[in-house]
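With chain A's structure known, arrange chain B on it following the hints.
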Amino acid sequence: MMNLFPKTHIDFLKYRKVYFSLFAAVLVAGVICFFTKGFNMGIDFTGGTMVQVQFNAPVEMSQVREALSATGANSELQSYGNNAFSISEKSTEQEVGVVQARIEKALDALNVPYTVQQTNSVGPAVGESMTERALWAILLSLVFIIIYVAFRFSNILWGISGVVALFHDLWVMALAFSITGREIDLVVVAAFLTVAGFSINDTIVIFDRMRENIRLHPKMDAAELINTSINETLSRTVITTVTVLFALFVLYFLGGEVINSFAFAMLIGCISGVYSTIALTTPLVYTWTHGQLVADDTNRPATQHNVETFVNEQNRKNNKRNRRNRR
Amino acid sequence: MSNKLAVKWGIIIAILLGSLYLIYPNYKWYSKPLSERETLDTLGERPKRMLNLGLDLRGGSSLLLELEVAKLSGKEPLNEAMARAIEIIRNRIDQYGVAETSITKQGDKWILVQLPGVSNPQRAEELIGKTAMLEFRIVKNDTTEAQKAFEKLETMEKPFDENGNLVPEVAKLVPAGSQILRNKDGGYSLVTDKATVTGADLENARVVMMSDNGYPAVSFTFNAEGAKKFGQLTGANLNRQLAIVLDNTIQSAPVVQSRITKEGQITGSFTPEEARALAIVLKAGALPAPVKVIEKKTIGPTLGEDSIKSGLSASALALVLILLFMMIYYKAAGFIADIALLLNFVLTVAIMSYFSATLTLPGIAGMILSLAMAIDANVLIIERMREEKRAGRPVYEIINLGYDKAWSAIFDSNITTIIVGACLLQFGTGPVKGFAVTLIIGLLVSLFTAVFVTRAIYELILTSNTKEISL
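Protein sequence lines correspond, in order, to chains A and B. For the first sequence, position 102 matches number 102 in this note's numbering, and the numbering has no gaps at all. Numbers in this note's numbering are just positions in the second sequence, counted from 1, shifted up by 327.
There may be inaccurate statements among the hints.
Claimed, not checked - In silico lysine-lysine, DSS-like type, Cα no more than 25 Å apart, as pairs:
| hint | chain 1 | residue 1 | chain 2 | residue 2 |
| --- | --- | --- | --- | --- |
| 1 | B | Lys-636 | B | Lys-732 |
| 2 | B | Lys-624 | B | Lys-402 |
| 3 | B | Lys-511 | B | Lys-499 |
| 4 | B | Lys-636 | B | Lys-402 |
| 5 | B | Lys-499 | A | Lys-7 |
| 6 | A | Lys-105 | B | Lys-619 |
| 7 | B | Lys-485 | B | Lys-331 |
| 8 | B | Lys-375 | B | Lys-619 |
| 9 | A | Lys-7 | B | Lys-658 |
| 10 | A | Lys-219 | B | Lys-732 |
| 11 | B | Lys-732 | B | Lys-331 |
| 12 | B | Lys-619 | B | Lys-436 |
| 13 | B | Lys-432 | A | Lys-105 |
| 14 | B | Lys-432 | B | Lys-402 |
| 15 | B | Lys-398 | B | Lys-436 |
Treat the hints as calculated values from the structure; they're not laboratory data. Every value quoted in this text rests on a predicted model; they were computed, and no experiment measured them.
The following block holds chain A by itself, in its conformation from the complex:
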């Protein structure tokens, strides 16, 4: 059996004050960054026009910039190598297509033949609605996650802790995009959503182990129980994360420009997701429940008697299966 992880006994909860301080630091850094640096929102959200052109002969970036500045508009120029450029302009122009015509006219002045490879003109109303709907979707999913987790794990605090971790991951990704100034477009939003799904998946796996351990060791101290659960699932956590990171690194380096920002967002989010499950979700559950993992003592699902029933149940099932398999 190839095993990278011998049985570990790490006390994850011990450092929870460090995690919480780090979380606070990330929150503060986020607020500062979001207000001072802001986001480079793509025109899908702000409204505006993007034109991507491919020149058929060598053209310097400075030439293109000069030609564009003649129009007097405030446009952003980006080179894609190989004489390909993307010109974007955020505007609140109601009329779609006006800006595109102006940009093309400016480029005509260079007297170098080119083909328009891609254009995107978004009216301001569309951008607004897009943002609004995306935010609603995220908000609604968070609420439903809390409800479902609370229902399945019989404690609403577990659900809220999971969502805090989810929020942390989205926050970290937003921070990464704010710092690097990478553009947030619809593909990046898809990456945010993917990370949300992935992060909650990690949380559920550890919660599931905690639920099981509560049933098996009803007398176990909460801190020990949480630590045991994290340690027991650590191998799975690392293997799954490494597998996904593998795939993401390949996409990041070889996937082409559109996939690149998707992979970047996913890389940040996945790393943050694993961290937050171990360093935020479970410590929060521990802190908020004051070491009382099950909501109400009288409803405690696992007494010693219940554990025996559970084990007996398992044995009975297995015997039945064994008999069947031997047949």
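Just chain B, lined up with the frame of chain A:
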């Protein structure tokens, strides 16, 4: 083999064969050269149940239109007006001859028109943009009030406001029961404000060449009701000018020589292209209100091809790396998980083909997430089996306990993610929706492949009295 296991394998094999059957048309279609596909497309011989590529992957353009609700006639509810507008736009675009156009309603008053393979949608835009409100009105230029109004108009720079209404100074000069409209060739005319005969009374419209100057014109014929009304109108107004009004502009105003019932002609210095477009829109009918383009995207065919090529090859490499890693780290168990993963991919593509779903880049992202979760399900199971193996249990117990204990985690995490997907499906627009659809399909499939299928494989192995499985 027990009966139950035989049934399990029967189900698995049936589903696999069904999937391959559903995927086959995709293979057959996409292995044809592009030119042949295009010809078949225009002939409408494209297979129906097939996976379509989104505009971001194959190139094309999309237009988002907004129906100007303020200009709707008050009687028609918005829903009906939208349905009618979509129907009319579809009729117009169909004439234009683009294969696989999709025209869908977005939100309350938006219409999304997608034109695959069209990288310059200008002509389509012109076709859609025309309201095509055709009316026949009587010209009343020869009154003194009309002359006064025209004199005032000549002194004005902007006699019409943004909504196309006359500014108050001029409006008060216009006599009751009439209206001032622009002539196509310049100047204005005073016409009756009610039209008894409109484009709705037409039966057909086509382009004809005028015999005297060779200019194209549009000739139209009335339906029975229209012919009766037009006969009354022309009969009562002999020797007066009849204004042919299109979208509030007077195209021409010929003098009525005799009573006309059956057909007429719209002249004006049209280019052949304009005349063809006019005939198309007249035949398709008028939009309930004008539409305006609020979003326009075009993606050239080469760009689509490039992004699909680099994206596909990177994804394939990533997949191979994952498969290898699982096999090296988890040995036989990893290999079984790999089989399930490939099957997951095949089933997802088959289901998407069955529903003729459209694959976009965000859709691929959704697929990646569902594949990652399918791997995770197997990692969970195998890690549990390892725990049981360490406890020194016999092989059948290892397998049974591994599945039993991992099941609740797999179930809960999949359901939670499906909940997220459902919210996105409900609220998301275009690209977000594409992500949600592939994610939900992929997750449902993974519950089947990663749990049901792998377990069936283990149970099959157990029938041969295997004492140990490497994991």
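A quick look at each hint next to the structure:
no.: 1; hint: Lys-636(B) <-> Lys-732(B); in the structure: 41 Å, violated
no.: 2; hint: Lys-624(B) <-> Lys-402(B); in the structure: 34 Å, violated
no.: 3; hint: Lys-511(B) <-> Lys-499(B); in the structure: 24 Å, holds
no.: 4; hint: Lys-636(B) <-> Lys-402(B); in the structure: 52 Å, violated
no.: 5; hint: Lys-499(B) <-> Lys-7(A); in the structure: 91 Å, violated
no.: 6; hint: Lys-105(A) <-> Lys-619(B); in the structure: 23 Å, holds
no.: 7; hint: Lys-485(B) <-> Lys-331(B); in the structure: 83 Å, violated
no.: 8; hint: Lys-375(B) <-> Lys-619(B); in the structure: 32 Å, violated
no.: 9; hint: Lys-7(A) <-> Lys-658(B); in the structure: 20 Å, holds
no.: 10; hint: Lys-219(A) <-> Lys-732(B); in the structure: 21 Å, holds
no.: 11; hint: Lys-732(B) <-> Lys-331(B); in the structure: 22 Å, holds
no.: 12; hint: Lys-619(B) <-> Lys-436(B); in the structure: 11 Å, holds
no.: 13; hint: Lys-432(B) <-> Lys-105(A); in the structure: 34 Å, violated
no.: 14; hint: Lys-432(B) <-> Lys-402(B); in the structure: 21 Å, holds
no.: 15; hint: Lys-398(B) <-> Lys-436(B); in the structure: 12 Å, holds
Comparing the model with each earlier hint shows violations of hints 1, 2, 4, 5, 7, 8 and 13; every other hint is respected.
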